[in-house]
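Model the full assembly from the supplied sequences, consistent with the hints where possible.
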Amino acid sequence: AQSVSQHNHHVILSEAASLELGCNYSYGGTVNLFWYVQYPGQHLQLLLKYFSGDPLVKGIKGFEAEFIKSKFSFNLRKPSVQWSDTAEYFCAVNGYGGYQKVTFGTGTKLQVIP
Amino acid sequence: NAGVTQTPKFRVLKTGQSMTLLCAQDMNHEYMYWYRQDPGMGLRLIHYSVGEGTTAKGEVPDGYNVSRLKKQNFLLGLESAAPSQTSVYFCASSSRDRGLNEQFFGPGTRLTVL
Chain H
1 AQSVSQHNHH
11 VILSEAASLE
21 LGCNYSYGGT
31 VNLFWYVQYP
41 GQHLQLLLKY
51 FSGDPLVKGI
61 KGFEAEFIKS
71 KFSFNLRKPS
81 VQWSDTAEYF
91 CAVNGYGGYQ
101 KVTFGTGTKL
111 QVIP
Chain Y
115 NAGVTQTPKF
125 RVLKTGQSMT
135 LLCAQDMNHE
145 YMYWYRQDPG
155 MGLRLIHYSV
165 GEGTTAKGEV
175 PDGYNVSRLK
185 KQNFLLGLES
195 AAPSQTSVYF
205 CASSSRDRGL
215 NEQFFGPGTR
225 LTVL
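The listed protein sequences derive, respectively, from chains H and Y. The first sequence lines up with residues 1 to 114 when you count with my numbering. The second sequence lines up with residues 115 to 228 when you count with my numbering.
Honestly, I wouldn't trust all of these hints.
Stated by the list, open to error - Distance condition first, Cα-Cα at most 30 angstroms in a straight line; then the derived DSSO-like pairs of lysine-lysine: (1) 184(Y) <-> 101(H); (2) 171(Y) <-> 61(H); (3) 49(H) <-> 101(H); (4) 49(H) <-> 171(Y); (5) 61(H) <-> 184(Y); (6) 58(H) <-> 171(Y); (7) 185(Y) <-> 49(H); (8) 71(H) <-> 58(H); (9) 184(Y) <-> 49(H).
In case anyone wonders, no lab produced these hints; they're calculated from the structure.
Below you can see the structure in the form of structure tokens.
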């Protein structure tokens, strides 16, 4: 069975601070990894994904994530956050094995203070 | 393209009432999913479908039924609503292609059971 763990439940940062959100997964085989964002009152949208190849993945709005296979991690980073980044962020894993069932983490609420 | 649409957007039910939530997607995706989102619990998979005419149970299927009679539609039914089913329900769809398998989410249905 696959699982995802997000270590930070609530993060508060000032504008221009750097961001790193932790995500660890467990699955024994090949995986696809995702970060989704949910802005207040909206549905989830894809920020970035890792499918294969370069483990450093760049997404929208200046976000990036690095897949470290040996650590089963896929941490999300942004060098300088903005107030508009206030949202909830979800890490997700899809273990590749015949059918697609994506497991989501419990989410991290990011609050950026102007 | 409309993407993934859900109806209704809001609904209030009394305990014991029934209702059906409709999800439609116009991206010709093979896979469709129903999630519920509750504070502090992230997204939990209720049921999913890997193709027309097939459905399967997710993490929290009790009290819900689903049907996928047409590829583009995925219905979620509550036969006898309970207050514990008060939640925000999201439908999602994805392609079978591993390289394109990010999930696209609908806008959500906020359901309150009194």
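Here's how the hints hold up against the structure:
1. Restraint check for residue 184(Y) and residue 101(H): the C-alpha separation of about 20 angstroms stays at or below 30 angstroms, so the hint holds.
2. Note on residue 171(Y) and residue 61(H): the hinted pairing is violated, with a Cα-Cα distance of about 35 angstroms set against a maximum of 30 angstroms.
3. Of the supplied pair hints, the one linking residue 49(H) and residue 101(H) holds, its CA atoms being roughly 15 angstroms apart against a limit of 30 angstroms.
4. At most 30 angstroms may separate the alpha-carbon atoms for a hinted pair to count; residue 49(H) and residue 171(Y) meet this at roughly 25 angstroms.
5. Of the pairs offered as hints, the one joining residue 61(H) and residue 184(Y) is violated, with about 36 angstroms between alpha carbons and a cut-off of 30 angstroms exceeded.
6. Taking the CA atoms of residue 58(H) and residue 171(Y), the gap is about 34 angstroms. The hint is violated against a cut of 30 angstroms.
7. Distance check on the hinted pair: residue 185(Y) and residue 49(H) sit about 25 angstroms apart at the alpha-carbon level, within 30 angstroms; holds.
8. With a CA separation close to 20 angstroms, the supplied pair residue 71(H) and residue 58(H) stays within the 30 angstroms bound.
9. Pair hint residue 184(Y) plus residue 49(H) holds up; C-alpha atoms about 29 angstroms apart against a cutoff of 30 angstroms.
The structure does not agree with the numbered hints 2, 5, 6 stated previously, though it agrees with the rest.
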